[in-house]
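Take the sequences, apply the hints, and build the full model.
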Amino acid sequence: MLRALLQDLLEVPGVRPLILRDDRLDWEHLPCGVMVTPVAAADDFDRIWRDAIARCDAVWPIAPETGGVLERLCRQVEHTATALLTSPAHAVAVAASKLATTQALERHHLAVVPTRLWMARPEPAPDAMVIKPDDGAGCEGARLVRAGREFTPGPGHWVIQPMLEGDSLSLSALFSHGRARLLSCNRQHVDNTGDGFVLRGCTVDALDDPDGLWQTLASGVAAALPELWGYAGVDLIWTADGPVILEVNPRLTTSYAGLKAATGENPAAMTIELLRTGRLPAPRTRKGTPVVLKLEHPYAH
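For the sequence shown, UniProt numbering gives the first residue as 1, with consecutive numbering after it.
If you are wondering where the hints come from, they were derived from the structure by calculation, not from laboratory data. Remember, predicted model here, so these are calculated numbers, not experimental data. For each residue, glycine too, the CB sits at the ideal point set by N, CA and C. Incorrect hints may have been included.
Across the chosen pairs, the derived CB separations fall in these ranges [what the hints assert, rightly or not]:
#1 Arg55 x Glu28: 19 to 27 angstroms
#2 Arg279 x Gly14: 18 to 26 angstroms
#3 Lys294 x His109: 44 to 52 angstroms
#4 Ala223 x Asp46: 31 to 39 angstroms
#5 Arg21 x Ala223: 32 to 40 angstroms
#6 Gly278 x Ala40: 33 to 41 angstroms
What follows is the structure, encoded as structure tokens:
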């Protein structure tokens, strides 16, 4: 995902990416032309981060929303004169909460997976239910609890959702001030491990949008969460009754890594143009080619 973003940015005239990189990670596969600031465990990350913000014209944070990490990074950028290339901190705070997101979408009459807070005391599940951290990213911490079983969650806020049957899909889209421009509809390769879930990859641009269903759904999310800006993902379940929204990810998602190859469009260039002009790009007219992404380390919890 990082490599794909860097390659896209390098195609934009006048852009030279600078990244902060854990010094324990492999650098060999990063594209040429990228400036790298190594960060060691003993370093003062906040100082290095602030210095990097000051050196740049714009910042694109890549971080999970769990524990308020992404929100904090976005807020720190907002306190400077440097442009932020993602949703603002207050939009991240809403989207980071599965309960708050569901409530916002329901107010706009969008079909969502029913979501409520898990009780503090152990409680037997009446049916097969999914229990997960309210601010978890993707499959993080999600547990499948069978009917009649008890589950005691760990610290923090947890939510409970019914286990819905259907295909796991996602939308990739650009957002701006209550509007959306669909980039792709993707199929997620999620395995049920018995008591949890594993994301093994995805097929980017797996489903076309001949009748505008996916664009309409993305536009509905934009209207419900008007402060979303730039790239975001929407996780769905395609049930017998149609698409149901599971959550909104106010950040880069796995599907980003295959977007340019699948659609022929450069989403990073489109984001920078959105920042410059305030206008979303026109709808895509070219038919894409599905691209299969396989995770080297399946996202299991």
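Now for the hints, and whether the structure bears them out:
1. Arg55 x Glu28: 19 to 27 angstroms: Holds, since Arg55 and Glu28 (Cβ atoms, about 24 angstroms apart) stay within the stated range.
2. Arg279 x Gly14: 18 to 26 angstroms: holds (20 angstroms)
3. Lys294 x His109: 44 to 52 angstroms: Since Lys294 and His109 have Cβ atoms about 37 angstroms apart, the given range 44 to 52 angstroms is violated.
4. Ala223 x Asp46: 31 to 39 angstroms: With Cβ atoms ~36 angstroms apart, the hint holds.
5. Arg21 x Ala223: 32 to 40 angstroms: holds (38 angstroms)
6. Gly278 x Ala40: 33 to 41 angstroms: Given about 40 angstroms between the Cβ atoms, the range holds.
This entry does not satisfy hint 3, going by the numbered hints stated previously; all others are met.
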